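Sequences listed follow chains A and B, in order. The first sequence begins at 1 in the working numbering and counts up one residue at a time. The second sequence begins at 1001 in the working numbering and counts up one residue at a time.
Simulated from the structure, these hints should not be mistaken for lab results. Owing to the predicted nature of the structure, the values given are computational and were not obtained by experimental measurement. Every residue gets a Cβ at the ideal spot worked out from N, C-alpha and C, and that includes glycine. Relax, there's no trap hidden among the hints.
List time: in silico DMTMM-like cross-link candidates among lysine to aspartate or glutamate, alpha-carbon distance up to 25 Å:
(1) K1074/B x D102/A
(2) K164/A x D1233/B
(3) K14/A x E1333/B
(4) K60/A x D1383/B
Restraint-style ranges between C-beta atoms, simulated for each label pair:
(5) P165/A x Q1051/B: 44 to 50 Å
(6) Q1261/B x P272/A: 51 to 57 Å
(7) A1103/B x S54/A: 35 to 41 Å
(8) M1041/B x L301/A: 22 to 28 Å
(9) Q248/A x S1222/B: 38 to 44 Å
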Amino acid sequence: MELRPILSTLRHHKLTASLLTLQVAFTCAIVCNVVFMIANRVHQISLPSGLAESELSMLKIAGIDPGENSQARHAADLAALRAIPGVQAAVAVDSLPLGRNDSSYGTCANQQAWNRAMAARSLNGVQGCLNPSVYSGSPGELEALGLHLVAGRDFQPDDYVPAKPGYVAANVPSAIVTRSLAAKLYPGRDALGQSLYMGGRPPMRIVGVVENLLRPRLREPGVNQYSVLLPSIPGEPSVTYVLRSAPQDRARVLGSAVAALTRLDPNRLIPPDGVRTYTQIRHAYFQRDTTMIGLLIASALGLLFVTALGIAGLANFWVQQRTRSIGIRRAIGATRGDILRYFQAENFLIVTVGIVLGVLLAIVLNLLLMTHYELPRLPLWYLPIGAAVLWALGQLAVLSPALRASHVPPVVATRSV
Amino acid sequence: MFGYYLDLALRSLKRNKALTALMVLAIALGIGTSMTTLTVMHVLSGDPIPQKSAQLFRVRMNVFPDDSFRPGDKVPDNLTRRDVEALLRDARADRQAAMSAGAMVVAAQGEPLRVATRYTGADFFPMFDVPMRYGRAWSRADDASRARVAVISSVLNEQLFGGVDSVGKTLQVGEQSLRIVGVLGDWNMNPRFYDLSNGQFGDSEQVFLPLSTALDLKLSSSGSTNCWSRTNDARAADAPCIWLQYWAELDTPAKAATYRQYLQNYIALQQQAGRFSHAGQAEALDVMQWLDAKGVVPADVRLQTWLALGFLGICLLNTVGLLLAKFLRRSGEIGVRRALGASRRAIFLQCLVEAGVVGLAGGVLGLALAALGLVLVRHQPTDYAAYIHMDLRMLLATFVLALASSLLAGLLPAWRAMQVAPAVALKSN
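Start from the sequences, fold in the hints, and give me the full structure.
Below is the structure:
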């Protein structure tokens, strides 16, 4: 394809061509970043929790009488819940991944690290100390939640200590940590058998490592899997019961569970919004992100649509404007294919310049977003993909005007306007 | 002349309907998305109490003992009861009120109800311009004497007493009874700036009573409580806990400066008294500074606004290109008009009128799109969703934005069009 005639034509339409170039550039920059934001949010909402999510349902019970023996009541409740047909396991827990009820404790890998943190009066930046989220639950929690043990063992019956209301038991002998927490606290060493120093309590022996357990409330990426399980039996009158059943049984099991608990104590409060499947919890947690993803997708498509309209509109104009010259070219021997390719090449040229500019703008925009919205750095492979999409879009948009141009009959050349 | 240009513009727009529709659609999409997000921003970042926002100050301090103090930490929002009582005793502001949120079960006649409450002082009502339907707020003397009095919202008055004047009646709170001294008129602050820690958007509380009374009756309070050492009673007079919110009204900038100086002196005195050895911190933020510091506008909403404005920008670039093509294609017509005596200015104005017509049409369609967008926003499960609506100002702003952006888009094409040389244009025809 000969580029010279295209370039000389564009020189006559400098302003229009550069406007189109700018539009392509801005679209490229914004769409690349928007797609990157979509990818980030999708990654966020699909973070695995480590639980057997599709099999879990939960009831949040609001306690009434702070004076009663909560553990005895929970045990009686759990026995009634386990008797429901279809319930494979039932436990009482204080919080769940994505349940928003987060208690985290300063935790250090060993005595020296703990002393260093005390001297610095802060855990932040102290080697060997982290701030993991702490989960506690009644015996059988691992099994009921479907947590996957990768090393060591589950808690044994004599590990468990009943907790006072509002606290995690202060003197538990053992702990189970997530794999990522173990790797961070004890790099290159086996975490099993190590002593964990948490919030001034007596050291706890790590007896097991689970593959994954997400925090109740997400933080910055990379620390979301820092969790510890403790054999502390919740003593709070308000507690969450987790039921495990086959996925299709969940709705029925929840219904029977409310009925069973009400039978045990007709006066108790079971807030309706506390009776949910785990799928609903995850959905509620990520509601805003889901909305944002929808908005971002809509705006990316809208941008591409408007840009395609702009390209098509301008190309149409150019074809109308140059009908005579197209006729002349046809009359002196250009084929339809030549004319078609001429307009396609012209579009390719404009879009290419736009993309080059757009790639630079995309990087600048990403830097701006990084400082203001804590977005990570745009991976460079987004840029060629964005370029390819815009090239395809440009070609698609110009196709119909270019086809129209190729159908201009040579006889037009002989007519005067 | 304007009428003639309008006629020319309409004729020109009718000649190429597809292109006109394209330009109108582009502007409408840009305007629709921008106005949707700008309306959300407008509501969220609005001044909840414009007549007084520069005179109301949230007081914050850092009086942590040395072992809980970390340099560089943010100043805590709440105060200890000890400091609050000292500030109230000094009463250096024109008005001042400490407060906390709570919840309790009240009964008057029939079923008991669980209601949201605010424990505060007599100054709260004049300070925040709270309207009274019946009776009046309690007095400073009631604060001092821990009087068993309460002010209820019009909603609760409707629920409990069917909306009649209930002043003098009693509310039963457990064993205690509170005498109703006032009923509020309609009063909703959104964002609820006076206490952002218990839901930033929502209805106002249903029962108000003196903080001193609530402490006396040991009513439970909700909201953030932060203690630096173990205590049996976080609400005790000397408890090592920060949990009370403090607002001061200072009617002139000079008084505000004096008050800030007073706070500095207060902190210095506390340091000298040996509560801590660091310098301590004390500040008074006016309403807008306070809202800004608490980040009432979510980051997502800001991002959406930038995205929508970027979208509008691209739609405008699109329109500039199309208008340019359109005007230049009419070089012949413009040449004729110029040859017949129209000045460059006339051509320029004619083109701008055409751009403005496109803009107005885009504005009308954009308004419809924005209304649709706002319906979608209101269906989101966010606490502010119910308060998002387009007021008259935003309605006008839509048309101003549409007109301004289309005129802006028309400037360059019109400039090029007026420079068409009549002789060349006529000859080439």
